[in-house]
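Protein chains in written order, with numbering that gives the first Met the number 0: chain D, 0 to 323; chain L, 0 to 204.
Just so you know, these hints were derived from the structure itself, not from any lab. Hints may be right or wrong, so weigh each one.
[Stated by the list, open to error] Computed, partial: chain L to chain D, Cβ under 10 Å: (1) Val19; (2) Thr57; (3) Ser64; (4) Asp87; (5) Asp90; (6) Met96; (7) Asp144; (8) Ala146; (9) Ser150; (10) Arg151.
[Said to hold, decoys possible] Just so you have them, the derived chain D footprint on chain L, three or more residues with Cβ under 8 Å: (11) 97–104; (12) 132–143; (13) 152–166.
This one's a predicted model, so the numbers in the text were calculated from it and none came from an experiment. Cβ coordinates follow ideal geometry from the N, Cα and C atoms, glycine included.
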Amino acid sequence: MADLRPRDERGQILLIAAFTLAVIFVALALVVNSAIFTENLASQGEVAGSSEALTYQHQVRQSVTEAMAYANRYRYSNPTSSVQASVDALSEQGAHQQATGGQLVHVGYEGSRSGWRIADNTSGGSTFENESVPVSDQNWQLAESVDRTRDLEITITDESVLSGTKASAFTLEANESTSEIWELRLWSTGGEVVVDVETASGRSGECRVPTGSPVEIDVTRGLVDGQRCHALTRNGTGGDRMWWGTGVSSPYDIWIKNGDQIRGNYSMILRGGSHTGDGLVDGPDSGDDPFRTDAMYSATVEYLFRTSQVTYETEIEVAPGETP
Amino acid sequence: MSGRRGGTDERGQGHTLEAVAAAFLLVASVSFALQMTAVTPLSASTSSQHLENQLRYTGAGVMASVEARGGLSRAIRYWDESDARFHDAPDGGYYTMDPPDNAFGRALNRTLDERNIAYNVHLVYEGASGDRARTRLLYRGEPSDHAVRASRTVTIMDRDPLIDADGTENGTQTVSNASTYFLPDADTGGPVHNVVRVEVVAWRI
């Protein structure tokens with residue numbers, strides 16, 4: 000008995016020590032885990048998921064843009080009903096898609112502003128002349144008293160037609176009077192196409208792209224071949240505005256000058272104003288001359304996004320390709 | 000005598016219980032230690048949540064930047080009408096090794112492939128019978144436990160042209176008149192062809 004007692008006592012101490020260690024380990028694990036959980040919560044950005052409402056809103060805007068482009072191109076006789084049908088379809092199908100992620104979305108057509116479209120989409124391109132204009136078909140007025148312009152695009156299909164000098168270059172002009180003139184000139188140095196802009200306040204700038212057909216100039220978005228052109232947006236960082244129509248008060252007129260010094264296609268959607276009576280063919284036309292059709296200038300849709308944590312409702316106005 | 004024998008018996012029980020408890024502790028600590036070694040940087044765990052968030056936002060960012068120039072819609076229409084599959088896709092009909100040779104494929108390659116991130120791309124849309132259909136655009140295998148998903152919805156209109164292998168629009172074939180195109184017209188009579196959700200599932204390898 001006497002020689003066994005100390006061994007018994009040592010066993011108890013060992014057991015107590017083991018339990019204490021176990022408790023310390025558990026406590027440490029708890030501390031580490033709560034630190035991880037805190038980091039986890041902190042890295043989630045926002046817990047409610049409100050960014051998804053804005054992401055989907057952007058996708059709706061893009062879808063309505065597609066629907067409007069489609070209506071203006073193929074359903075110009077009644078663009079409103081076409082856009083309305085598209086919005087209904089994308090609301091329904093989009094709702095099915097988003098429902099799987101626990102999101103309830105609804106898009107509804109609210110209204111629109113009508114406008115009109117001028118285009119010359121001759122296959123392979125043509126010069127920007129207008130043979131229906133009796134006086135001078137190289138220099139002619141495209142539209143009169145226009146309030147706003149969007150999606151103004153020029154595609155050059157044959158660069159060899161471009162003038163070699165600035166003085167005789169093709170010019171697209173927005174003017175309100177003889178003093179308020181915004182000008183876009185396009186000419187070629189042989190190796191490069193020069194996009195030259197002069198605003199009503201006299202600021203000028205140019206950007207160049209290497210020759211290589213076709214050259215696409217998105218005037219109102221300020222893009223040349225998909226790249227930002229500072230002469231169509233801003234001159235230098237934080238510099239002067241150069242966008243389409245800068246310094247020209249609306250309503251303004253749109254002119255083409257030296258229309259024989261370019262070969263390609265163009266298209267634009269306008270709000271307000273009219274075309275000069277004898278200037279444009281009505282309806283789509285595959286001939287050499289430009290034509291006009293009715294078009295939708297902008298559309299307004301209501302947008303509702305709801306999850307268990309977020310309810311977001313707003314109206315979206317879509318007018319793709321407007322200058323900012 | 001009897002009292003001494005009883006004491007020995009009791010001590011035997013105590014030793015047995017101690018042995019069992021010791022064995023339990025030993026096994027528990029060994030299994031705990033083994034679990035610790037099983038947690039590698041690639042294991043799914045709550046501690047790598049911020050990496051998963053980054054990956055999700057990366058996927059969403061790739062799609063947003065591509066779609067800003069219509070690249071996502073073009074990738075969906077990048078269809079080889081005569082072979083009834085995406086251009087240059089293997090026999091299975093979807094890409095496996097290389098992503099498609101268009102803006103979307105190149106953006107995925109630049110962003111994810113070069114960082115050792117594996118990904119699948121699925122297209123979810125309304126099928127011919129009104130159900131939800133799913134087509135693989137790119138498939139690299141079963142995702143791991145810590146895979147994340149980013150998605151973006153794209154609307155395809157009736158007269159949108161198919162895209163040729165070189166990236167130009169096909170002059171004659173549209174999504175509506177191409178007979179082998181995978182996407183059915185979900186809005187018959189209306190201008191919308193279908194609404195497609197592009198899903199990128201990405202995970203670290």
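Quick rundown of the hints versus the structure:
| no. | hint | in the structure |
| --- | --- | --- |
| 1 | Val19 | 13 Å, violated |
| 2 | Thr57 | 14 Å, violated |
| 3 | Ser64 | 12 Å, violated |
| 4 | Asp87 | 24 Å, violated |
| 5 | Asp90 | 29 Å, violated |
| 6 | Met96 | 29 Å, violated |
| 7 | Asp144 | 16 Å, violated |
| 8 | Ala146 | 16 Å, violated |
| 9 | Ser150 | 8 Å, holds |
| 10 | Arg151 | 6 Å, holds |
| 11 | 97–104 | violated (count 0) |
| 12 | 132–143 | violated (count 0) |
| 13 | 152–166 | holds (count 6) |
Hints 1, 2, 3, 4, 5, 6, 7, 8, 11, 12, counting from the list given before, are not met by this structure.
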